[in-house]
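Chains as they are written, first to last, in this note's numbering: chain A, 1 to 131; chain B, 1001 to 1558.
Simulated from the structure, these hints should not be mistaken for laboratory data.
Here are the simulated EDC-like cross-link-like pairs (lysine to aspartate or glutamate), alpha carbons at most 16 Å apart as the crow flies: (1) Lys-1418(B) to Asp-1060(B); (2) Lys-1478(B) to Glu-100(A); (3) Lys-1033(B) to Glu-1022(B); (4) Lys-1478(B) to Asp-101(A); (5) Lys-1032(B) to Glu-1044(B); (6) Lys-1533(B) to Glu-1149(B).
A quick note: this is a predicted structure, and the numbers were derived from the prediction, not measured.
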Amino acid sequence: MKKDKRIRVLIAKAGLDGHDRGAKVIAQALRDAGMEVIYTGLRQTPEQIVEAAIQEDVQVVGLSSLSGAHMHLFPPVAQLLREQGASDIMVIGGGVIPAEDIPYLKETGISEVFTPGTSTEDIVRYIRERA
Amino acid sequence: MYDREKIKLLRSRKEAWQNKIEAKMERSPERKKVFKTDSDIIVERLYTPAEIADNSYEEDLGLPGEYPFTRGVQPTMYRGRHWTMRQYAGFGSAEETNKRFKYLLEQGQTGLSIAFDLPTQIGYDSDHTLARGEVGKVGVAIDSLQDMEVLFDGIPLDKVSTSMTINSPAAVILAMYVAMAQKQGVSPEKLNGTIQNDILKEYVARGTYIFPPQPSMRLITDIFAYCAQNVPNWNTISISGYHIREAGSTAVQEIAFTLADGIAYVEAAIKAGLDVDNFAPRLSFFFNAHLNFFEEVAKFRAARRIWARVMKERFGARDPRSLMLRFHTQTAGCTLTAQQPDNNVVRVAFQALSAVLGGTQSLHTNSRDEALALPSEQSVLIALRTQQIIGYEIGVTDTVDPLGGSYYIEALTDCVEKDVMDYINKIDEMGGAVAAIEKGFMQREIQQSAYTYQRQIETEERIVVGVNKFLSDTEMPKDLLRVNPAVADRQVESLKRIQAERDQRQVADVLQRLRLVAQTDENIMPSVIEAVKAYATLGEICGILREVYGEYQQQVML
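Isolated chain A (complex conformation):
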């Protein structure tokens, strides 16, 4: 009998930003949708996020930033994962991120950016279709 493998997701608060409502709501929604979710808590550096992602053997990393530091913090996560041979881990992001920053983030390896107003259902579906 094939064991049903649950999707594992790391939700991380990148940088100094303390707004964690969205990250926690999404983490809980993903859990309700049957995924295994690890939430890192606040003040994670890209290095810490990547280390946790690899250690926890996740398929997806979700990054949250509402402080405007996303351009400095998101790309290094994708880059470090690549450097450590973990480019199969999908990186998604969310928070207060201007639309005009999204193309750059995608170029650096962020699969998708979910901006204010996104439903948790959309995120669950996105992950299920790709993880």
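Start from chain A and add chain B according to the hints.
Same frame as chain A, but now just chain B:
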């Protein structure tokens, strides 16, 4: 308040009226089966004297400016003076923020409110590794007294009151403000303002903590004591519910957790040897103005009544000013949408109105681009005009507590008070706010409410215009504010210059003295003031305190 016989008759008449409606319900249903407030308080179809029959006007309402202050903390309220129109502002460098301050003052705001960037709020200089990408983004970067001097260039500190949203490093920023005022020739007794200085909510809902609870409380009570002696017109703390609400709590939780935090601060100050009437008059509060209009008005009134009773009965405070809950309000940022941002102007107007009808002393209105960026000049102007229109055009400021006596408002005020007290009692049983926070109680409650709120949106039990109903394709605003990326480099250069030009010996001395004082019971403020005057940086000062007190480790609770 009402004749018992008449109430009995009214009750049976209302029951008959309800039955008639229920009989026709299948044919003429109401929009929902049950109507509830954000705090799950059931909203009745109609409120009459019967619903508030047991209230006593004298005991529960009283007169404005008199215990229990339900109807307002001042007798004339806005007939005497409008609330302070105080827009939270700050971004980039001290120069840029100084410009925005002057613009807002020119446009008629009546008080300043400073937003600091995250490195500043967390006690890091702009050149710290963890400051990368964050310098000047959510507020102004302040590394030393020099930055504060530039920030307040051309702003007379004896004429303007300043609120500073700073918590863990509040002592440092306050010291800078006092030092800068002295340079301007303004003595500390003339200074008017507020520091947020509320660490407990940082652990629960905001995240800019540095030190663990005990040393943090020491810093806070040192500030209470120092200001009572030296800066008597200063609000030493702004005990906050705004962020707790933004994190997803209900209105009841917002008040309950804030007042529980307040109780913890009063207890800590008394334990530190301060007399309650010595510091309590200078405690202030900060609340959220959210969407459910009448619940918000009731919430503010309930908060005043509860706090007055707590201060009088629990702490035996005797100075009437110790019993007054004075508060600043900010409209709820979390309710504003990225979709159809102009709708936010309308939301903010209603939220601001609820704060005014709730008797706020000071108000910040959010800008329409809240979900997208920091306020553009045009957007913040509309937000300020919103307050001015409420204050000058629509007549709501012409009488005190205009909604007082509304059957609904009084019933709702009572409900909020009861539910808040249930929480406060529960938190007391746990050992108080600090214990409740260590146990993760507040955090779990907030998270549950946040999740429920989101579920309600996704099931359309809760409508958000423009997001899950009444969608339309609107263009993104073109003039969104972007922080100048050169700020970080300029701050770092500036830092190097200051550190090169100052008296190194003096800096080493003051930092050493600070380190010693931090380890004793001596009030820390004088040595912090000496340190900032020597141009020790915020990061250096907080670095010393980090070494002495250690850093708070957040327990991840999910």
